[in-house]
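Q: Sequence:
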Amino acid sequence: MRTLADQVDASLAPERIIAALAEFFGGVGALLVAIGLYGLLAYSVARRVNEIGVRMALGATRTDVTVMVLKSAFAVVCVGLIVGAPVALWSRRFASSVMEHLPLASSWAIAFAAAAMIAIALVAAYVPARRAATVDPMQALRQE
Numbered sequence: 001m002r003t004l005a006d007q008v009d010a011s012l013a014p015e016r017i018i019a020a021l022a023e024f025f026g027g028v029g030a031l032l033v034a035i036g037l038y039g040l041l042a043y044s045v046a047r048r049v050n051e052i053g054v055r056m057a058l059g060a061t062r063t064d065v066t067v068m069v070l071k072s073a074f075a076v077v078c079v080g081l082i083v084g085a086p087v088a089l090w091s092r093r094f095a096s097s098v099m100e101h102l103p104l105a106s107s108w109a110i111a112f113a114a115a116a117m118i119a120i121a122l123v124a125a126y127v128p129a130r131r132a133a134t135v136d137p138m139q140a141l142r143q144e
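Sequential numbering from 1 applies to the sequence shown in our numbering.
It is worth saying that the hints were derived from the structure and are not from the lab.
Do not take every clue at face value.
[As the list claims (entries may be wrong)] With beta-carbon atoms standing in for the labels, derived distance ranges: (1) 12 / 87: 29 to 39 Å; (2) 31 / 3: 31 to 41 Å; (3) 23 / 58: 42 to 52 Å.
By construction, the Cβ of each residue, glycine as well, lies at the ideal position given by its N, Cα and C atoms.
All chains should be modelled from the sequences, with the hints used to inform the complete structure.
A: Here it is, written out as C-alpha cells:
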C-alpha cells in the first residue's frame, strides 16, 4: 500500500527529471552566452587599443573608457534583443500551433530573459572594460 503523496511523487518523477535537465541545459546555455560575449568584447577591445590610447592621451579618464566599453556591450545586446524577441515570439506561436496544450510565453518570461541577457553582457564586459581602462596611452600608440 502506498500513500497518495507517494503515488503523486512517482507519477511526477519523469516531469521532474525533464525540468532538471532543462534547467541544467539552460544554465549551460547562459554560460556559453557569457563566454561568447566575453570573447567578442575582449576582441573588440583589442582591436580598439589605438583608439583607446588616443582617447586617453587626449584626456579621457579610466571611467570614460570603462563606460565606453560597457555602452558598446549594451548596444550589442540590445540589437540582439531587438532581433531575437520577435523571432522568439513568432517561433513560440508557431510551436503552439503545431503542438497541442502548449501555453504561450508570458511577457514576464521574455522580460526576465532580456534582463538576464543584459546582466550577463555587462558582467562579461566588465573585465575587458577594466583592461581597456588600464592601457598606457604611449604603448597603445606605439603598437601600430
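Q: Does each hint fit the structure? Answer for all of them.
A: Do the hints match the structure? See the list:
1. 12 / 87: 29 to 39 Å: For residue 12 and residue 87 the Cβ distance comes to about 33 Å; the hint holds.
2. 31 / 3: 31 to 41 Å: For residue 31 and residue 3 the Cβ distance comes to about 40 Å; the hint holds.
3. 23 / 58: 42 to 52 Å: Given range 42 to 52 Å: holds, Cβ gap about 49 Å.
In the structure shown, no violation is registered for any of the earlier numbered hints.
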